[in-house]
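If you read the sequences in order, they're chains A and B.
The opening residue of the first sequence carries number 1 in this note's numbering; numbering runs sequentially from there.
The opening residue of the second sequence carries number 1001 in this note's numbering; numbering runs sequentially from there.
Hints listed in this document are in silico derivations from the structure and should not be mistaken for laboratory results.
Any given hint could be a false lead.
Said to hold, decoys possible - Quick list of in silico lysine-lysine cross-link-like pairs, BS3-like style, CA-CA up to 25 Å:
#1 B/1225 - A/223
#2 A/138 - A/225
#3 B/1138 - A/225
#4 A/225 - B/1223
#5 B/1225 - A/225
What the hints assert, rightly or not - Under 8 Å between C-beta atoms, here's a sample of chain A residues computed to sit facing chain B:
#6 18
#7 35
#8 267
Since the structure is predicted, the reported quantities are computational estimates derived from the model, not experimental observations.
Heads up, the beta-carbon is just placed ideally off N, CA and C, and yes, glycines get one too.
There are 2 protein chains.
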Amino acid sequence: MTLPGQLTPPPRLLLGPGPSDAHPRVLAAMSLPLVGHLDPYFLQIMNETAEMLRQVYRTTNKITFPISATGMAGMEACLVNLLEPGDRAVVCSAGFFGGRMIDVAGRTGAAVTAMEQPWGQPFSMDRIRETLQSVRPKVLGIVHAETSTGVRQPIEELGKLCHEFDTLLVVDAVTSLGCIPVEVDRWEIDAIYSCSQKGLGCPPGLSPVSFSQRSLDAINRRKTKVQSWYLDLSTIQKYWGEDRVYHHTAPITMVYALREGLRIVLEEGLEVRWKRHQRNHEALKAGLAAMGLTYVAPEGYQLPQLNAVRIPEGFDDLPIRQRLLQEFSIEIGSGLGEFKGKVWRIGLMGFNSKPTAVLTLLGALDQCLSGNGSAIAAANEVYRRT
Amino acid sequence: MTLPGQLTPPPRLLLGPGPSDAHPRVLAAMSLPLVGHLDPYFLQIMNETAEMLRQVYRTTNKITFPISATGMAGMEACLVNLLEPGDRAVVCSAGFFGGRMIDVAGRTGAAVTAMEQPWGQPFSMDRIRETLQSVRPKVLGIVHAETSTGVRQPIEELGKLCHEFDTLLVVDAVTSLGCIPVEVDRWEIDAIYSCSQKGLGCPPGLSPVSFSQRSLDAINRRKTKVQSWYLDLSTIQKYWGEDRVYHHTAPITMVYALREGLRIVLEEGLEVRWKRHQRNHEALKAGLAAMGLTYVAPEGYQLPQLNAVRIPEGFDDLPIRQRLLQEFSIEIGSGLGEFKGKVWRIGLMGFNSKPTAVLTLLGALDQCLSGNGSAIAAANEVYRRT
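With these hints in hand, go ahead and build the complete structure from the sequences.
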């Protein structure tokens, strides 16, 4: 076999659902030399990373650290630690990732009630209250930012509601952390997971999680071992906690990356970052509207970082996305599941939530969709007045 | 909170049980820009990586790819896909990682027979045959290179033996791949896992696995879903295989790293690489012997890449390791479990299996253990004649 040649990734502008481009400082951090996973220097790096994660999650939860795998492993970590056979769980699903949570929760042996509604609709608190009242689950799982539909699910009051029924609230923040407010303590979230490659501006590979004291108490009351050894919080936390007991070999370089990504987030400041995401979203939205593109998510529930829009009549999904990739080296996302071929997903996340990304994409889309330049004008109008 | 400063990892020489230093070309590959996980360029990178992995594993197994997490997730992936409640498994354990395999296998709900013997002893084929005969397990799990004891378990004939009893052979190659021969097809191995940070010269973060057709047939006959969604082969293989169905977001940068690491392995050639590991091991061993240090593993079963030696009388574990780290910036490993405080583990893996590493360590150890320079002389004697 002839060996493959040198790595020469094409320089993309990644405006899909993630990964988003990593910040150049993060990429630079990844080429630093390794240290051992029990090296005093690395233990300090772990402490600093965990402490910055707490800031970003707005929590004092002791158990706050990155799972050594991608976002979906974070979902699994939350569910397999909190659920065991005989438990009841309710999972809210109005999109692809809600559906996935049902699958993952079901594999714990818990009885899962799927609370479904049409893709793209946020859940009402009343409906959730009724379900909590009738099912009395140990866990309620919900997606904060549904990556398949671009819907923001309001969860500000949900933790309080869950706690009325002694239910633990598990939140999927894969697409929200670092882009829009996530307030773990104030919103009384009991377990939460995210990823590294979206709002935090790092490559994919880690899943930051955080667990409340209520969650830890529930885990301590388990009757069975956690089914996953790799994701068993009782032992991972001994490595990330003060004991420093060897569990697995931490992915050193990915932790370097996350630490640098978190530093960049906190240097900017969370509020400033959220506003930046909102402003670029509004400019993009104005531009898309000028070209006649409409959002899947209802007004008031649209995610600034994930713009799911209907593919306009007269245009096909794949040729446009291929042209964007090949001619302009811009990636946008296709629709998932029932939205395949009907929806595009445009990400403006972390490092890539910036005017140049918005204007570049609108300019290229204008060319592909035979626009008249009004998209750029509309976006710039937003930039001028905000 | 004041933000932590810039990352400044101390330049270590990593001679512990792993991570070993990554090759500089691998570190450079990690700072390349991201592409999407479904980008045509990345799909090509995945194909090339899988094909090189097949070469390194010496297999034509279609299902050969890196799990998106560290080595221990590879162990879990093999066991949770092959085992379900009601199955029987035998796990051979004569060290820390054999013990861990018992724990992981037990969490599948299978009935696990732990075949234990004193740490540091290889298993005899006769004993394994007797156990297979009496238990008739679906799976036999064994560690090829036991990282806690430095013992090489001969497994050349084990696959054939297992297949006499319709048993699937699962092999832990975490510390062997890229350092000593691993012949998946010739040895009839049914499922195997390794890591990125040892013999392959990459950072930790991925676990290359390979599954035989026998394994896939067994998986197809499962009555229950695989308990782990993240590690469920039936869906991951659709992403790594021809379908390219989205499962999780691959850790792009880590795959870049692995691809570069595998390229370096194959450029050198496996046989040359194995000889290099053997030669540096012999030099190290001669030097350690000159200082009176003895191996845990019996003669003929010593791993060249993981030298577990007894801490000499009159010296304490921690002060010496701390001095090596602080004065010389060299990391060696402590003993695990029952070997804690009694054993040092010296890794010469991948990029770090080289004369400069051997001589540097021996020189520093000579200073710490009040030697007379005979260690260096003994090592150089080996180098001169081999």
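Hints, verified against the model:
Taking the CA atoms of residue 1225 of chain B and residue 223 of chain A, the gap is near 22 Å; set against the 25 Å cutoff, the hint holds. Proposed proximity of residue 138 of chain A and residue 225 of chain A is supported: the alpha carbons are some 17 Å apart, at most 25 Å. Of the pairs offered as hints, the one joining residue 1138 of chain B and residue 225 of chain A holds, with about 23 Å between alpha carbons and a cut-off of 25 Å not exceeded. In summary, the hint linking residue 225 of chain A to residue 1223 of chain B is supported, as the alpha carbons are separated by about 22 Å, within the 25 Å threshold.
A C-alpha spacing of about 18 Å is found between residue 1225 of chain B and residue 225 of chain A, which places the hinted pair at or below 25 Å, so the restraint holds. Of the supplied interface hints, the one on residue 18 of chain A holds, with its beta-carbon coming within about 6 Å of a beta-carbon of chain B, less than 8 Å. Checking residue 35 of chain A against chain B: minimum C-beta separation of about 5 Å stays under 8 Å; hint holds. The interface hint given for residue 267 of chain A holds, since its Cβ lies 6 Å from the closest Cβ of chain B, which is under the 8 Å cut-off.
In this structure, none of the earlier numbered hints is contradicted; all agree with it.
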